[in-house]
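Asks: Please model the complete structure; the sequences and the hints are all you need to start from.
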Amino acid sequence: MSEFFHMGGFGAYIWSAMATALFLMLLEPMMLVIKRRSVLADIKRIKRLEERKSRR
Amino acid sequence: MYPLNMKINWFKYSAPMNFYPLAGKLIPIFWLLAIALIGLGLYWGFFKTADILNDQKQYYRIIYVHVASAWMAMWLYAVMVAWAMIGLIFNTRLSFMMASATAVTGTVMTVIALVTGAIWGKTSWGTWWDWDPKLTTFLILLFIYIGYIALQSAIDDTRRSDKASALLALVGLAIVPVIYYAVNCPDPNECASLHQESSLKRVESNILIGMLVTTLGFWMYSFATILMRARNIILERERNTSWVSKLEEVNR
Amino acid sequence: MLIMFNAFWVLLKRDLLLALRRRSEVFTVLFFFLIVISLFPLGVGSEDATLKKIAPGVVWIAALLASTLALDRLFANDYVDGALEQLTLAPQSLPIMVFAKMIAHWLLTGLPLVLISPLVGLFYHLPTSTIGVMMLVLLLGTPVLSMIGAIAAALTLGLRGGGVLVSLLVLPLYIPVLVYGSGAISTSMVVGLSIQPYLLLLSAFMLLALIFSPWATASALKISLE
Amino acid sequence: MLIMFNAFWVLLKRDLLLALRRRSEVFTVLFFFLIVISLFPLGVGSEDATLKKIAPGVVWIAALLASTLALDRLFANDYVDGALEQLTLAPQSLPIMVFAKMIAHWLLTGLPLVLISPLVGLFYHLPTSTIGVMMLVLLLGTPVLSMIGAIAAALTLGLRGGGVLVSLLVLPLYIPVLVYGSGAISTSMVVGLSIQPYLLLLSAFMLLALIFSPWATASALKISLE
Amino acid sequence: MILEVKNLQCIRGDRELFTDLSFQLEANQLMILEGQNGSGKTTLLRSLCGLYLQDEGDILWDGVPIQKQDENYHRDLLYLGHLNGIKADLTVIENLRINAALAGNTPSLDVLMGALDTIGLYAFEDFPTSQLSQGQKRRVALARLLISKAKLWILDEPFVALDVAAVELLQTIIANHVDNGGMVVLTTHQEVPLTSGKIKRLSLNEKPLDDGEC
Amino acid sequence: MILEVKNLQCIRGDRELFTDLSFQLEANQLMILEGQNGSGKTTLLRSLCGLYLQDEGDILWDGVPIQKQDENYHRDLLYLGHLNGIKADLTVIENLRINAALAGNTPSLDVLMGALDTIGLYAFEDFPTSQLSQGQKRRVALARLLISKAKLWILDEPFVALDVAAVELLQTIIANHVDNGGMVVLTTHQEVPLTSGKIKRLSLNEKPLDDGEC
Ligand code: HEM
Ligand SMILES: Nc1ncnc2c1ncn2[C@@H]1O[C@H](COP(=O)(O)OP(=O)(O)OP(=O)(O)O)[C@@H](O)[C@H]1O
Ligand SMILES: Nc1ncnc2c1ncn2[C@@H]1O[C@H](COP(=O)(O)OP(=O)(O)OP(=O)(O)O)[C@@H](O)[C@H]1O
Ligand SMILES: [Mg+2]
Ligand SMILES: [Mg+2]
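Chains F, C, R, V, E and Z are the protein sequences, given in the same order.
Per this note's numbering, residue 15 is the first one in the first sequence, and the count goes up by one each step.
Per this note's numbering, residue 133 is the first one in the second sequence, and the count goes up by one each step.
Per this note's numbering, residue 66 is the first one in the third sequence, and the count goes up by one each step.
Per this note's numbering, residue 66 is the first one in the fourth sequence, and the count goes up by one each step.
Per this note's numbering, residue 28 is the first one in the fifth sequence, and the count goes up by one each step.
Per this note's numbering, residue 28 is the first one in the sixth sequence, and the count goes up by one each step.
Be a bit skeptical, because a hint or two may be false.
[What the hints assert, rightly or not] No more than 30 Å apart at the CA atoms, straight line, and that leaves these computed lysine-lysine pairs for DSBU-like:
#: 1; chain 1: F; residue 1: K61; chain 2: C; residue 2: K378
#: 2; chain 1: V; residue 1: K287; chain 2: F; residue 2: K58
#: 3; chain 1: C; residue 1: K157; chain 2: F; residue 2: K61
#: 4; chain 1: V; residue 1: K117; chain 2: C; residue 2: K254
#: 5; chain 1: R; residue 1: K117; chain 2: C; residue 2: K266
#: 6; chain 1: C; residue 1: K254; chain 2: F; residue 2: K49
#: 7; chain 1: Z; residue 1: K178; chain 2: V; residue 2: K78
#: 8; chain 1: E; residue 1: K227; chain 2: E; residue 2: K95
#: 9; chain 1: F; residue 1: K58; chain 2: C; residue 2: K254
#: 10; chain 1: E; residue 1: K95; chain 2: E; residue 2: K178
#: 11; chain 1: E; residue 1: K33; chain 2: R; residue 2: K287
#: 12; chain 1: F; residue 1: K49; chain 2: C; residue 2: K378
#: 13; chain 1: V; residue 1: K117; chain 2: R; residue 2: K117
#: 14; chain 1: Z; residue 1: K225; chain 2: V; residue 2: K287
#: 15; chain 1: V; residue 1: K287; chain 2: Z; residue 2: K178
#: 16; chain 1: C; residue 1: K266; chain 2: V; residue 2: K117
#: 17; chain 1: E; residue 1: K33; chain 2: R; residue 2: K78
#: 18; chain 1: Z; residue 1: K33; chain 2: Z; residue 2: K178
#: 19; chain 1: R; residue 1: K78; chain 2: E; residue 2: K178
#: 20; chain 1: F; residue 1: K49; chain 2: V; residue 2: K78
#: 21; chain 1: E; residue 1: K227; chain 2: E; residue 2: K178
#: 22; chain 1: C; residue 1: K157; chain 2: C; residue 2: K378
#: 23; chain 1: Z; residue 1: K33; chain 2: Z; residue 2: K176
#: 24; chain 1: V; residue 1: K117; chain 2: Z; residue 2: K33
#: 25; chain 1: R; residue 1: K287; chain 2: E; residue 2: K95
#: 26; chain 1: C; residue 1: K266; chain 2: F; residue 2: K58
#: 27; chain 1: V; residue 1: K78; chain 2: Z; residue 2: K176
Just so you know, these hints were derived from the structure itself, not from any lab.
For clarity, every value in this text was computed on a predicted model and none was experimentally measured.
Replies: Next up, the structure:
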């Protein structure tokens, strides 16, 4: 198993390449989800504001 | 005067209102495909090709991610330009949104290609970076992506930012091939044969399969993230419309 | 047709007149160019071989930077004081007017660089023939810089941080000119190699830029004024 | 005293908030720096020895140019929209407020360059120890650039062609930083030489700039607003 | 010559400024556009010039959409917005001459000096406009009205920054233009008694300012 | 608190705008500065703030020349010029809060929202000011008046770009300030009925516009 991770001495390189790719490809959707939440929260806030005002 | 009903049929999904739910349904599918294909490709690459690679060439395994992202980086630029062009010609808001959604994923792919390429370079040439034509072109591609995004985010007015960045993408389309030529062939005296042998030809077919499957997975990943981003953009821009305020996720 | 040329001349003369009122601006670009050129020996060291080696690249990079920096004068002033919106409303072809402004801009920023470049040759100990080549390629290349730059300048009109943004957009697009422009100068220092292909390529770039950039710039202006 | 610090923090926070609203501007400066860095191998050629030789100068010149270009953000926006005239009328010490703006400017334009500079090391094949030295001297030198630049930016407020003019004023003043900054990097590549004298000089520059530039800039602002 | 506006709609950001706006303007007519701050007057005027692209609807000049006849329409149009469109480095008379030339006129020096005299800038002709006060700069811009041959004037708050004498003068200029077969669209917040010609009023206030919100 | 102006003289370019100008302003007084375009009103107001250095004469606040007491005088002063001094990238409320903080106040959220409500920008608090119309931007700038604790207000054409409702509102605000012991110096070309307090009028027209030249 450790031989597999070692990869003939190139393990560090190979795994760090994989890790950067994985990191970026997880980071991107994560940012998108966060952005979506904040946009939705914004929309809800606008809606609340409108409702409050129509009651005023 | 205008073929109105034709227009509605043709452009049905070009209305953000219709596109939004459709994209919502497609996203999970693309995610599943992406995970499956990337998983399969890497599994193939790591476990089914060990015998082909002798010990010195283990680092070849980077190729699956490297080539897939490099290809996507180039493809997505073309896709982005295509959306921008459609937007400019038909003046459909959705096309512009797709163009800007594509740009960011394209940038991410370029960065992955550059980083994995640099790591590869360290293993095979012993240096992280070299001013080789392919690498240089990619660096410039990154700069062009960044320019596109920077221009877009510098303009507040969405109508202006859509059109301005689309025009920039078009100008880029005209100049990028020239840049590619210039970087590949800085000395026109000795540049009769531009078509150097494609490095792909030297790749074992077994590795090629893994590469292609991973690339397909990256395509699916790009679809998924682009659609997600497009949905965010739609929500942001249409937040005051009635259809958005009737959405289920808003009323939860 | 006549009225088209009329607009062209009126605008060209206007921009040159404006420059005449602010003569110092022309010199500023020139001095910027010279300063960048002379910073290198300070930063890199002044061995003869090194200087000769880097001279072609340095000249061109300084030219790119000077021309980029000067870009924000092309439309920005007219935008701020409302003259630009009046121009787009004038009963004249906008691309023609834009072209007039580009020409004026090149006359005020590109041409002076061409004329001053022999000085660079002296600074960097270049042979005379090379200096001639340098002037020639600058003459062919700097108009392309002005014309590509105009598109970016039009796109970034009125944006905050416009100065840096415009450089970001435009410098990558300048790369072909940089590569062949400096390539021609280096080649001219090697005996036996022809610089003709370089000149042909640069002329081709110029032709293409002449054809497309006024239209692209005019569209960009309309977008930016909305 | 308390109210002084209050104004300092309010302005610092304001400027950072403004930058947050335009996050792309920070990246623009960064990428401008990277682009300039990568133009050189294209123009000069990419032999290993040449690259190593020009690296120290190129890094510093790119830093000078990036920081000069970013200068017009320091006061220009505030001048145009009238916020600057309100600042000078605020019941607070103007030099303190100016200092806050300088700090914000450095955090947004100088610090990112320091952080990105290892990449330059990769591009130009520099040894690791040299990369460390490069970061250190950039850390010492870039604040000086921001602070000297602020004076020039204040003097050229609202003048047409401000962008190029400011470079013209400021680039010659940057020369000491350029010389010792790039000198330190080159020296660090030679075995056996100490870079301490360089560091001391750069620190001294920083100290001087810290002491004098807020006052000088505040006076320049008052003159420009008249 | 008729300016026709049909079912115009403009959306800025996410606020709908006006929908289904229709009107037409003929020779000898003056239209005063009214509305609170932020009601969309400037946006409407810029759309009329073709500087801002409306979201829906058509703007026709002589029966043809203005987007399809740029130069033709521009020959008949004079627009004066919030910005004066004069170059600070040129003198008053140079500004005037160049503006006229770009509009396709080449007035004689007498005409130019006459216009300056009328507008109250006599003896200022060789001043760089940068050295004029706010109101004087506005006057330089307004001098174009006296030279122009355009039929349709679109004026966004032309009275701003002018002193009482200049306001009166401008009223006469506008009245003359309308009487001589011209058309004018203008906005103003000041109460300006404009008497001549047929005056139309269009109010953008129908949708109250914070309509969407309250 | 008295603002005293003694023998003030200002020269712009080669024109002498005013000489020997003297007046004083006490609490509960409003001064309206009148004059044609180019008569030097803006120049005078900027001199009063210390933004423009007069050629001759003194401006005293509480008996001390204003050049000698920068921060002290600035604490009592609120100046609103042709420019609004608001940041386009910040929201309305951020602008207001930061402006107040720089003036040394830290008003509560309620106060800020109240001010916006009064000035007619309710529900706009989270808009970036870049997306407001001309008049709305001016209102943001004017909201400072409602929060400020300064005694002396110097307002250069504050009514410009405002609609009728806003003009009335601003009149009340100014009247209230004067009634509560404040002082105001303002210029305007519009006929604005300002009734409360003691009103002083100062006309800069004594020298006619083209005096030097004709
Ligand atoms: C245009 C985009 C790119 C494509 C299509 C691409 C594709 C490939 C392919 C197919 C190979 C395998 C070649 C072989 O088997 O010899 C390869 C190798 C390599 N790539 Fe890329 N790549 C791209 C960009 C990059 C970038 C941006 C970098 C570096 C930052 C990079 C660094 C490398 C290195 C170092 C190798 C190994 C070369 C060798 O072993 O001879 N590549 N690339
Ligand atoms: N930078 C300058 N250089 C020289 N003269 C100037 C400058 N700025 C203004 N002036 C002159 O000063 C005079 C007064 O200008 P000022 O702006 O104070 O007038 P104002 O009374 O405010 O006019 P308005 O009602 O038009 O605003 C003008 O006649 C103008 O020509
Ligand atoms: N760049 C922009 N982005 C988004 N919304 C904007 C933008 N510019 C203006 N608006 C909005 O458009 C509306 C109309 O603006 P417009 O300038 O047309 O008003 P106006 O009637 O001319 O007002 P004023 O009397 O104040 O000049 C305003 O409510 C403003 O918030
Ligand atoms: Mg308006
Ligand atoms: Mg004034």
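Asks: Each hint: holds or not?
Replies: Quick rundown of the hints versus the structure:
1. Taken as a hint, the K61 (chain F) and K378 (chain C) pair is honoured in the structure, with Cα atoms around 11 Å apart against an allowance of 30 Å.
2. Of the supplied pair hints, the one linking K287 (chain V) and K58 (chain F) is violated, its CA atoms being roughly 47 Å apart against a limit of 30 Å.
3. Only pairs whose Cα atoms come within 30 Å are accepted, and K157 (chain C) paired with K61 (chain F) is accepted, the gap being roughly 25 Å.
4. Between K117 (chain V) and K254 (chain C), the direct Cα distance comes to roughly 18 Å. Compliance with the 30 Å bound is thereby established for this hinted pair.
5. Between K117 (chain R) and K266 (chain C), the direct Cα distance comes to roughly 28 Å. Compliance with the 30 Å bound is thereby established for this hinted pair.
6. Between K254 (chain C) and K49 (chain F), the direct Cα distance comes to roughly 36 Å. Violation of the 30 Å bound is thereby established for this hinted pair.
7. For the given pair, K178 (chain Z) sits about 28 Å from K78 (chain V) by alpha-carbon distance, which is consistent with the 30 Å threshold.
8. Restraint check for K227 (chain E) and K95 (chain E): the C-alpha separation of about 27 Å stays at or below 30 Å, so the hint holds.
9. Between the alpha carbons of K58 (chain F) and K254 (chain C) the distance comes to roughly 50 Å, so the proposed pair goes past 30 Å and is violated.
10. Note on K95 (chain E) and K178 (chain E): the hinted pairing holds, with a Cα-Cα distance of about 19 Å set against a maximum of 30 Å.
11. Pair hint K33 (chain E) plus K287 (chain R) holds up; C-alpha atoms about 23 Å apart against a cutoff of 30 Å.
12. Restraint check for K49 (chain F) and K378 (chain C): the C-alpha separation of about 20 Å stays at or below 30 Å, so the hint holds.
13. Taken as a hint, the K117 (chain V) and K117 (chain R) pair is honoured in the structure, with Cα atoms around 16 Å apart against an allowance of 30 Å.
14. A threshold of 30 Å between alpha carbons decides the hint, and for K225 (chain Z) with K287 (chain V) the separation of about 34 Å lies outside it, so the pair is violated.
15. For the hint linking K287 (chain V) to K178 (chain Z), the alpha-carbon distance of about 24 Å falls within 30 Å, and the restraint holds.
16. At most 30 Å may separate the alpha-carbon atoms for a hinted pair to count; K266 (chain C) and K117 (chain V) meet this at roughly 22 Å.
17. Proximity of K33 (chain E) to K78 (chain R) is assessed by CA-CA distance (about 41 Å); at most 30 Å being required, the pair is judged violated.
18. Note on K33 (chain Z) and K178 (chain Z): the hinted pairing holds, with a Cα-Cα distance of about 20 Å set against a maximum of 30 Å.
19. For the hint pairing K78 (chain R) with K178 (chain E), the CA-to-CA distance comes to about 28 Å; that is within 30 Å, so the pair holds.
20. For the hint pairing K49 (chain F) with K78 (chain V), the CA-to-CA distance comes to about 24 Å; that is within 30 Å, so the pair holds.
21. As the CA atoms of K227 (chain E) and K178 (chain E) are separated by approximately 17 Å, the hinted pair is consistent with the 30 Å bound.
22. Straight-line distance between C-alpha atoms of K157 (chain C) and K378 (chain C) comes to about 18 Å, which keeps the hinted pair within the 30 Å bound.
23. Distance hint between K33 (chain Z) and K176 (chain Z) is fulfilled; the C-alpha atoms sit about 26 Å from each other, no more than 30 Å.
24. With a C-alpha separation of about 68 Å, the suggested pair K117 (chain V) and K33 (chain Z) falls outside the 30 Å cut-off, and the hint is violated.
25. Restraint check for K287 (chain R) and K95 (chain E): the C-alpha separation of about 15 Å stays at or below 30 Å, so the hint holds.
26. Between K266 (chain C) and K58 (chain F) the CA atoms are separated by roughly 48 Å; this puts the pair beyond 30 Å, and the hint is violated.
27. Proximity of K78 (chain V) to K176 (chain Z) is assessed by CA-CA distance (about 23 Å); at most 30 Å being required, the pair is judged to hold.
When held up to the earlier numbered hints, the structure conflicts with 2, 6, 9, 14, 17, 24, 26 and fits the remainder.
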